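Below are the chains, spelled out letter by letter.
Number of protein chains: 2
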Amino acid sequence: MTATTPKFIPARRTEVEPARVAAALQQIAEKIGQDRVLTGDAGEFRDPFQPAEWDAFSTAGVVQPDSVEDVQAIVRIAAQHGVPIWAQGQGRNNGYGGAAPRLSGGITVNFRRMNRVLKIDEELGYALIEPGVSFQDMYDAIESSGANLMVSVPDLGWGSLGGNSQDNGLTYLPYGRDFQAVCGIEAVTADGGLLRTGMGAMDGNESWNLYKRSLGPTIEPLFMQGNFGITTKLGLWLMPKPEAITHVHVDVRRDEDLVPLVDTLRRLRLDGTIDGVPCILNTLLIASTIAKRSHWYDGDPALPIPDRQIDAIADRIDVGRWHLRFALYGDRNVLALQLAKAEKAFRLIPGSRIRSTTTGADEWAALSDPSDRVYAGVPNLDWKDMGGWYGGDRGGHMSFAPVAPLTGRKVYELQRWMRDGFERSGIDHTADLIVVNARSLVSVAGIQFDIDDEPATAAAYLAMQNLVREAGKIGYGEYRAHLQFMDLAQEQYGFGDHAYRRFVEKIKDAVDPRGIINPGRHGIWPGNLR
Amino acid sequence: MTATTPKFIPARRTEVEPARVAAALQQIAEKIGQDRVLTGDAGEFRDPFQPAEWDAFSTAGVVQPDSVEDVQAIVRIAAQHGVPIWAQGQGRNNGYGGAAPRLSGGITVNFRRMNRVLKIDEELGYALIEPGVSFQDMYDAIESSGANLMVSVPDLGWGSLGGNSQDNGLTYLPYGRDFQAVCGIEAVTADGGLLRTGMGAMDGNESWNLYKRSLGPTIEPLFMQGNFGITTKLGLWLMPKPEAITHVHVDVRRDEDLVPLVDTLRRLRLDGTIDGVPCILNTLLIASTIAKRSHWYDGDPALPIPDRQIDAIADRIDVGRWHLRFALYGDRNVLALQLAKAEKAFRLIPGSRIRSTTTGADEWAALSDPSDRVYAGVPNLDWKDMGGWYGGDRGGHMSFAPVAPLTGRKVYELQRWMRDGFERSGIDHTADLIVVNARSLVSVAGIQFDIDDEPATAAAYLAMQNLVREAGKIGYGEYRAHLQFMDLAQEQYGFGDHAYRRFVEKIKDAVDPRGIINPGRHGIWPGNLR
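As they're listed, the protein sequences go chains V and F.
Each residue of the first sequence is one higher than the last, beginning at 3 in this note's numbering.
Each residue of the second sequence is one higher than the last, beginning at 3 in this note's numbering.
Extracted from the complex, chain V is given alone in its bound form (with noise of 0.2 angstroms):
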């Protein structure tokens, strides 16, 4: 808690007749089924780190398809009434709003019962999956179809692929890099309407999950943190298993080492040494995967921990100020060369420490490091816990999420900018860079709050407000954005007089009509509700 109390009142929005969404609801549970649809107490379908007091993005229900033509008919059913819905994979967008819906009073659909995988082509590296297909029911898949596949995952394994990639979500193996996992997606548009892209728009194209582009105009990127359909299949490409991985970690010792560190990646990331998508850690981002911050540190919860304290804790851990983890995937042959010659990179940086394994398919799953498992492609919930920093049993956390070129100067600069903010608020700077391809990275910043202090969970949100503006000044942009701050985030890029929002509304306006679709999602209103 600060001295002076900070007052944050998140704004609910509701603009939808409480009658009309009953009615909504009463349909289609009378077309899908009443067991597919729940009204009531939210449960665990709102944002599970937000004060319950505060009551912003509330759902006036979940309804749960079980197919495409359930799907078509809620969209229906939705649009004949007016009615907002907000679509979801598993709901586990957690950091950024969980499962709650950025407009509050609609209906929430939630895809926990369409988790099919529809194929594996072991031959050409795909799948075919229904959106609410998770991360673990994927792995789970390739592994009792004996294909020789693998599937690139985040640090947890619980979410959907449908909701994590169309939230542009970061996953860690080679076909994590700039998002390129997704190939052919199915969506249901705002009339009910089934459309398919790329390839997929000709009946008995097989081509629809191995080719980028259409002929014509390319919209499948537009259903990624967009709102202009609901997704109810994709196609997604997995990697042939290579003869062995190599897990590579990398510490250095002081702050200021990031600047190599970053430069030296950079460096063995464009000349392909390096794929995948390397991510870099500080000392209390690895110490809040493994422990409170009361296990780490008994000083004032107030205020930042100090310098040298951060220091003990890195040493207590055995980890650096910042700590690089990053995997090489191939033959082993080929796997020497690549890692000697990061080794010799790496080595250059005063006081680094190297340390690497190598291991074959039947190693995977047992790797005891979860990040070794993670970069072999075995989803676990082992950081599940790692937003807990502060207070008693219920931690929460929002990400702060800019983009940064992928140089040490930049984003030295600004990691240290970033820590000021925090600091300035009372908060520690826990950092996750994500280093989604070899010219940038996401700087994820957890801001972790004690959800039952009330005022710190608003000096939190107060702090998170202000680092998304003050960056927006000085040219860093989100990559995603928490509910709370979808506007504000989106406010931030302003060229031509907001020329990209402006473009996007009026696609928004003509092929959503009534504004139904994830309303407001990423700052994206329809014409009804701007």
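Everything labelled a hint here was simulated from the structure, so no lab data went into it.
Just to be clear, a hint being listed does not mean it is correct.
[What the hints assert, rightly or not] Think about it this way: if two alpha-carbon atoms lie no more than 20 angstroms apart in a straight line, the pair counts; the simulated SDA-like pairs of lysine to any residue are:
id	chain 1	residue 1	chain 2	residue 2
1	V	K475	F	G194
2	V	K508	F	G194
3	F	K508	V	G496
4	V	K346	F	R334
5	F	K508	V	K346
6	V	K475	F	R334
7	F	K343	V	N335
8	V	K508	F	N335
[Stated by the list, open to error] A short, non-exhaustive set of chain F residues, derived as facing chain V with CB atoms under 7 angstroms:
id	residue
9	K33
10	Q36
11	L40
12	E145
13	D180
14	G206
15	G218
16	G228
17	V506
Bear in mind that the values here come from a model prediction, so they are computed numbers and not experimental data.
Note that beta-carbon positions come from the ideal geometry of N, C-alpha and C, so glycine has one too.
Chain V is already provided as a structure; the job is to place chain F on it using the hints.
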């Protein structure tokens, strides 16, 4: 010439009042200068392979802007007069209509004057360019800057990067994979405003040309084969020059050896041994790059060359019935391992021959084989005359180019089917299979004809029409269409009662309500012309 002379009259579609166009051209000349407005004889701004007497796809005037402000002025004037414009880069869309517009009687915007390389960033490996920059311009700019970078190029280096990439044009180096090279565009919208995609939507955001997505829906791929704006700047990823390149050529003797050739390539492509965009050429395609048909065969031009003569031509050139070309990029020690693995795999095909050479950067510009130069990123025009298979000086061709799954069986079946279709029309089957990623290829076949032989040209057009229609019935769609066949090619994408086209038409009407930008491109017409 076939025995019965076929009739083919291309539809000349003109729905613009000449007086309005003249007024617009006059106003544009006043704004950007009379010397930048070309009227009268279309000269080179037409389809170079179309018989002049057909007079389809003809422009009323060509304007050549010199700045973004010029483009904005042109669009505003065109909008004011309701005059359609057709934007292009260099105007080298040969095989698909060349510099001609889809709709006759409008204004062509040609970017040959906007061919400046605005920035080359060696550290982050990218350039920012104007839309008229040709591959040759880009190569020259890199070389004169001294930056250790290379650009992914197609077979002919005269086209623009802007035009080529926005037609989903294929290039062969690693960054050609899945059309990955472009990152971040600036476009003039139909109202004359200026839009930037991705992180460029934020003023001062340095990740514009580094990160592939947006906050909110990703709209950049809408501008590829689209007609929603006119691109005025492009970010372009450039690959660091590797230590060496290994150029590999694999020949197989029999037509049916294509099956194991494709399957072997797919496995090596999927497991990462081979990156980039390999290419498989048949004997006649290679013959066409060397000399005219009459050099190789003295039989009736109206009858296709029989198999045993194709074998004889293969022997004369010393290639196989199918010839695979690709390159490996990296450190010499890794290249040696990758080459050994590839050689071992291809040798399993009985009768196959594998040749390779490994070269360093100082050797690339002087490589004698045009294919090797292309894979080394050195633009050239060596294959410029490959379209002149039949007739005298004025050979023409159109490309029929469906996408296919990368399995030996499917690719071979498609080649048999295409050859059959060509030969029934009396046309030799030249094949160029461009392996755009590890899962699919674009099967480009040049339908060649003698421009001075009008009945033969008409027969070629009829053959193309049949191929596009019949391919659609068996699930194969074109990746890119010739002006004459854009509507027909798009018509084949009928899933969900043409849900894709209807969705895109809604976008078209929303962002370009007067329908002035590239109407009819790839079958997408504005409301007033549907």
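Each hint, compared with the structure:
Pair hint K475 of chain V plus G194 of chain F does not hold up; C-alpha atoms about 26 angstroms apart against a cutoff of 20 angstroms. In summary, the hint linking K508 of chain V to G194 of chain F is supported, as the alpha carbons are separated by about 15 angstroms, within the 20 angstroms threshold. A hinted pair counts as satisfied when its Cα atoms are at most 20 angstroms apart, and K508 of chain F with G496 of chain V does not qualify at roughly 25 angstroms. A distance of roughly 17 angstroms separates the Cα atoms of K346 of chain V and R334 of chain F; the hinted pair therefore holds under the 20 angstroms criterion.
A hinted pair counts as satisfied when its Cα atoms are at most 20 angstroms apart, and K508 of chain F with K346 of chain V does not qualify at roughly 55 angstroms. A distance of roughly 46 angstroms separates the Cα atoms of K475 of chain V and R334 of chain F; the hinted pair therefore is violated under the 20 angstroms criterion. For the given pair, K343 of chain F sits about 11 angstroms from N335 of chain V by alpha-carbon distance, which is consistent with the 20 angstroms threshold. A distance of roughly 53 angstroms separates the Cα atoms of K508 of chain V and N335 of chain F; the hinted pair therefore is violated under the 20 angstroms criterion.
A least Cβ separation of about 21 angstroms between K33 of chain F and chain V goes past the 7 angstroms threshold, and the interface hint is therefore violated. Interface hint status for Q36 of chain F: violated, as the beta-carbon distance to the closest one in chain V is roughly 30 angstroms, over 7 angstroms. Because the smallest distance between the Cβ of L40 of chain F and any Cβ of chain V comes to about 29 angstroms, over 7 angstroms, the interface hint for this residue is violated. At about 19 angstroms, the closest approach between the beta carbon of E145 of chain F and any beta carbon in chain V exceeds 7 angstroms, and the interface hint on this residue is violated.
Taking 7 angstroms as the C-beta contact cut-off toward chain V, the hint placing D180 of chain F at the interface holds, the least distance being around 5 angstroms. Restraint check, G206 of chain F versus chain V: the minimum CB separation of about 4 angstroms is within 7 angstroms; hint holds. A cut of 7 angstroms between beta carbons decides the hint on G218 of chain F: the least distance to chain V is about 4 angstroms, and the hint holds. Among the interface hints, the one on G228 of chain F holds; its C-beta lies about 3 angstroms from the nearest C-beta in chain V, closer than the 7 angstroms criterion.
Taking 7 angstroms as the C-beta contact cut-off toward chain V, the hint placing V506 of chain F at the interface holds, the least distance being around 6 angstroms.
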